[in-house]
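2 protein chains.
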Amino acid sequence: MDSPDQSLLQKLAASRIAIEAIEPVVDEGRFAAKTIVGHAFRVEADIFCDGHEILAASLLCRRRGEESWRELPMRHLVNDHWRATVVFEEVGHHEFKIASWVDLFAIWRMDTAKKHEAGQKVSLELQEGRLLAEKALSVRTGGTSNDRSALKTLLAELTSSPSEGDALAVLTSDDMAVLMRRLGTRTNLTETDKAFPVFVDREKAGCSAWYELMPRSQSGSPDRHGTFDDVIARLPYVRDLGFDVLYFPPIHPIGSTNRKGRNNSLTAEPGDPGCPYAIGSEKGGHDALHPELSTFEDFARLVQAAREHGLEIALDFAVQCSPDHPWIKQHPQWFDWRADGTIKFAENPPKKYEDIVDIHFYSRDAIPGLWYALRDIVLFWLKRGVRLFRVDNPHTKPLPFWEWMVEEVRQVDPGVVFLAEAFTRPKMMKRLAKVGFSQSYSYFTWRNTKRELTEYLTELTREECRHYMRPNFFVNTPDINPVYLQTGGRPGFQVRLFLAATLGTNYGVYSGFELCEAAAIRAWDWGRPGNIKADIAFVNRLRRENPALQQFTNLKFYNAWNDSILYYGKHTDDLASFLLFAVNVDPHHPQGAQFEVPMWEFGLPDDAAIEAEDLVTGQPFTWTGKIQHMFLDPCQRPYMAWRLIPPGAWQ
Amino acid sequence: MDSPDQSLLQKLAASRIAIEAIEPVVDEGRFAAKTIVGHAFRVEADIFCDGHEILAASLLCRRRGEESWRELPMRHLVNDHWRATVVFEEVGHHEFKIASWVDLFAIWRMDTAKKHEAGQKVSLELQEGRLLAEKALSVRTGGTSNDRSALKTLLAELTSSPSEGDALAVLTSDDMAVLMRRLGTRTNLTETDKAFPVFVDREKAGCSAWYELMPRSQSGSPDRHGTFDDVIARLPYVRDLGFDVLYFPPIHPIGSTNRKGRNNSLTAEPGDPGCPYAIGSEKGGHDALHPELSTFEDFARLVQAAREHGLEIALDFAVQCSPDHPWIKQHPQWFDWRADGTIKFAENPPKKYEDIVDIHFYSRDAIPGLWYALRDIVLFWLKRGVRLFRVDNPHTKPLPFWEWMVEEVRQVDPGVVFLAEAFTRPKMMKRLAKVGFSQSYSYFTWRNTKRELTEYLTELTREECRHYMRPNFFVNTPDINPVYLQTGGRPGFQVRLFLAATLGTNYGVYSGFELCEAAAIRAWDWGRPGNIKADIAFVNRLRRENPALQQFTNLKFYNAWNDSILYYGKHTDDLASFLLFAVNVDPHHPQGAQFEVPMWEFGLPDDAAIEAEDLVTGQPFTWTGKIQHMFLDPCQRPYMAWRLIPPGAWQ
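These protein sequences, in sequence, are chains A and B.
Numbering of the first sequence is given in UniProt numbering, commencing with residue 1 and proceeding in unit increments.
Numbering of the second sequence is given in UniProt numbering, commencing with residue 1 and proceeding in unit increments.
Take the hints with a grain of salt, since some may be wrong.
If you anchor each label on the Cβ, the simulated ranges turn out as follows [stated by the list, open to error]: (1) Glu90/B with Arg30/A: 28 to 34 angstroms; (2) Gln636/B with Gln628/A: 52 to 58 angstroms; (3) His81/A with Met110/B: 47 to 53 angstroms; (4) Arg466/A with Glu611/B: 47 to 53 angstroms; (5) Thr187/B with Glu28/A: 23 to 29 angstroms; (6) Asp336/A with Asp174/B: 23 to 29 angstroms; (7) Arg462/B with Thr458/A: 16 to 22 angstroms; (8) Glu354/A with Asp174/B: 31 to 37 angstroms; (9) Lys152/B with Phe345/A: 31 to 37 angstroms.
Selected chain A positions facing chain B (Cβ under 8 angstroms, derived; list incomplete) [said to hold, decoys possible]: (10) Ser15; (11) Arg16; (12) Asp46; (13) Lys115; (14) Gln120; (15) Asn188; (16) Leu189; (17) Ala339; (18) Asp340; (19) Thr396; (20) Trp404; (21) Lys427; (22) Leu575.
Since the hints were derived computationally from the structure, they do not count as laboratory data.
Ideal Cβ placement from N, Cα and C applies to all residues, glycine included.
Just need the whole structure built from these sequences, with the hints factored in.
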């Protein structure tokens, strides 16, 4: 019997080495894994082949579209598992693949050493080792010309030295091994059959503190509509709290047809401003400004002023229209029309939302016309200096639209950050992150107990989603006033703030939160007693000053023996930045606990002493012994923050 | 800005529905998932799309190479997770894919019912529902012509009945829903972008009891070389023990160069038979019979006689040669030659195996010449009635070779079963199963304690490897005489037998095991006292008579509060076959334990009564209450086996 396809056999045989369980790979490479520019990106895989061969492996990386690959050696850890770490220096699309080969010289070296140690004759082995080295010189595989010169010099020593012992010493030397690792023939070279995508985001995608503010409510008076100049006047306040993103709900014209009144009433009184999510009027749509807020010139000044205060503006992108949106007349085919010829309002039967009509992404002419128009809205604001978009309810719009749109925008500016405001089912939340959203709303808002927080954060930082989903821990939203905040008083607000800002690298608050209020009021007294502005400024300063807090997946939970005390730490790989946090999640009672100072992370014994700093008071002190005790009274302060100082690093 | 690739946009947009986390899929479909002909094969996936759409989904299956697909509806379970179960009726390659679409009529039905219940007017909705039904008739999607007639009849009722209530009743009826599920337009139809392979094996690949026997040792006398007729005479013995596979180590000519003597001594005495794994002499190689064992005619009689005793012959396939193998002269380029012109013997430095030379799979002319020759060896024995191959040390031969060879053989007979005798690192063991081996040697041989067995069996039956790896639990091998057997006495042998045969669906023993001996002796007294032949016959009968024991992944561990008592059960999906087992893994001491009778599996309360049968004594009895007590004295019998009788099924 002859095989019908010998070329297939040849191709198959060429993949002698198994390279599998590659991480991070999202859905077989269908989606990109994510990382941050300048951060360590770790690639791991199982690599092995038949027999007792010794393998070598390399990680190959490049920007998408580049010709040549950058090669980094991978290191065998244990049980056929290999690792390499790369740092991407540019924002944008990258890719990686893995190559592995049989290192015949390493095998020869190990076997020859064993035989020699067992007292066996190795003269034939020496001859064979030398042939391998000579072949390396004749076949150019890798290494530099310096490497080749060095190898030639070593081989010359062999020619001049007739003694078997000398030849053995030269051929099995470490120098020889290093050179042959670089220059040796790559026998049975096997590569992954595809490259895996990585998207490298700018720093802000991975670490950001958001403050929401409704521009029209910034006049300081319930009787006057706020303007961008009012917002500019508020910038020092937001800067002093330590935030770095200032987010506005929609700032576009609001429809008047079926406008909702106060408290969501069905009919608006004259002068009621309407819901800012009912976008569009005769004054324009998503690319227009609400006339009372001011002009594009004012907006440009605001963007610039914010920048000077260390703040980036984030805009809302809400894909829905009021019945007065210009598109309805210009492009009726982008909307749903009913059998009686009327437009279809948004609804969730039996509820009706008659101040909003949904766009239909698959209606006549929607592809490409509508899709282009929506993309162009984002590009419109990008041109006006906005590089952060909070996308409203993306889970009610098609996934392929987001995948395409985000990619289109990144062609123009790979640094644009999209936050998915999707409070929905878990798989949809994850898929939105896969298709390209840089940050995601999360279930943090509803996780209150030690157990809930531990389980959820373990999922987010340890499971596969850590490769593509970056949660943004909002403590509240205008729609959501969690029971915990309603009942926890001031300590409840402190707890949720501290958890959001230290468990999460991305987090956010809606204005009013700092006053321990969640009601929607137009004009706050921003200095009123009982506020937690000092806590906010403190935790935002910690986040800026400590690199450990700028990473998400480095979170570790440690033991504190009290079910109301969540105790955790974050540290950089080199341990230079090492923070510990404890939070009493019971806002009503003082709680105490014995807890473990993680001496072992520094290789210290349980009875060691370690220097630390109380970050709230700035007080340095020494912990002696692993087991310590803490006491957290919510009336005083429901959290603790310490910095551990690596032995020998005390300044 | 205009998009450069509008067709890409169209294509992307066409995949509105996310279909992910598909199981069983092995390495993205690079390898086939495995199942057994006639068994239930369960496919699951996460399926969802944006918004609040109602989806429908289908599993599509076919034999590889067929044109048309068989379609089965998938069912939504919870949290966007869907399932369908299919039974493949033929051995060989199959494939499946998944399709999903938006079911507009189902959405219409739900929304309209909600509006009607809320007292809203639905006349416009009725008009829209009717349009959907009429469209289904005009666009042929699925369903039969009977379905279409039935739908037409229902629509005719609408024409004749002017009342809104009647129209609502017809359009929201269950009949209408069923018809529209079949006939309705498949909006946003999305399919997985590839089909996933499934290999359907015959029953023996999934459930088999192996008995090893060395033909040359079957003469009943240490002085005479056994023949196939001696083996034929032993068949009733093996059948009475209840085995169904009779496996022989290599039966080929043995080399004389560097032949090993008794107890692995380096020089053979005259008359020493040599190691059967040193295959090949001037009498022939892998396609020849050892002359003293007899002829191919005898072999044919043996195969036939075995079949009549309910036994299938399994042969050893050992890819290595003695220095006298004919291939060395015929095809010197298939072997490794050293710098001094001598052939390279097998070695594991500093150990040398000079009675064996290894084949080199990547040497000159090995591809395709050598690969074809090896494949043809298997086909040679297949022609002579052998459909089971125990492959010796497959982990020291290239993975691509096995993948290709197994596939080639399956082109001729998809029912050929390959058992990988690979005691090696875990990832290589799993990869061999992926590339095509039907069964795999496992670490069972070294897992003795309750904890070890629970962890290992949980991995094998719950983790991803369950989709492609079928372990074969050998209790011993000629190389391996586990400490547990050396020290556990007769109860030790009973324990290991019982565990292997009830935890595993595939298991095996080497002859002598039934005598509680592991020494290699040529002529046993097969009836000697202290044997465990009755235990073997008992457990093999249980395996044959109880369908629950013919499945592997249905294993469940239950609670018995004693760390020496392993307590577990197996049942069919319908609970009709429900077995419980308890084993005292401490061969030296009696052990007792309270344990839980799994009343909950039958939906019974903890204080219920359930009928059971002691399978050892055949005694029926009743357990009242979930908590019971057992006592296992290894001197009596270290195991228990019970059958639970589902309420109402007592005969």
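Here's how the hints hold up against the structure:
{"no.": "1", "hint": "Glu90/B with Arg30/A: 28 to 34 angstroms", "verdict": "holds (32 angstroms)"}
{"no.": "2", "hint": "Gln636/B with Gln628/A: 52 to 58 angstroms", "verdict": "holds (55 angstroms)"}
{"no.": "3", "hint": "His81/A with Met110/B: 47 to 53 angstroms", "verdict": "holds (49 angstroms)"}
{"no.": "4", "hint": "Arg466/A with Glu611/B: 47 to 53 angstroms", "verdict": "holds (51 angstroms)"}
{"no.": "5", "hint": "Thr187/B with Glu28/A: 23 to 29 angstroms", "verdict": "holds (27 angstroms)"}
{"no.": "6", "hint": "Asp336/A with Asp174/B: 23 to 29 angstroms", "verdict": "holds (28 angstroms)"}
{"no.": "7", "hint": "Arg462/B with Thr458/A: 16 to 22 angstroms", "verdict": "holds (20 angstroms)"}
{"no.": "8", "hint": "Glu354/A with Asp174/B: 31 to 37 angstroms", "verdict": "holds (32 angstroms)"}
{"no.": "9", "hint": "Lys152/B with Phe345/A: 31 to 37 angstroms", "verdict": "holds (33 angstroms)"}
{"no.": "10", "hint": "Ser15", "verdict": "holds (6 angstroms)"}
{"no.": "11", "hint": "Arg16", "verdict": "holds (5 angstroms)"}
{"no.": "12", "hint": "Asp46", "verdict": "holds (5 angstroms)"}
{"no.": "13", "hint": "Lys115", "verdict": "holds (5 angstroms)"}
{"no.": "14", "hint": "Gln120", "verdict": "holds (6 angstroms)"}
{"no.": "15", "hint": "Asn188", "verdict": "holds (7 angstroms)"}
{"no.": "16", "hint": "Leu189", "verdict": "violated (12 angstroms)"}
{"no.": "17", "hint": "Ala339", "verdict": "holds (5 angstroms)"}
{"no.": "18", "hint": "Asp340", "verdict": "holds (6 angstroms)"}
{"no.": "19", "hint": "Thr396", "verdict": "holds (5 angstroms)"}
{"no.": "20", "hint": "Trp404", "verdict": "holds (6 angstroms)"}
{"no.": "21", "hint": "Lys427", "verdict": "holds (5 angstroms)"}
{"no.": "22", "hint": "Leu575", "verdict": "violated (32 angstroms)"}
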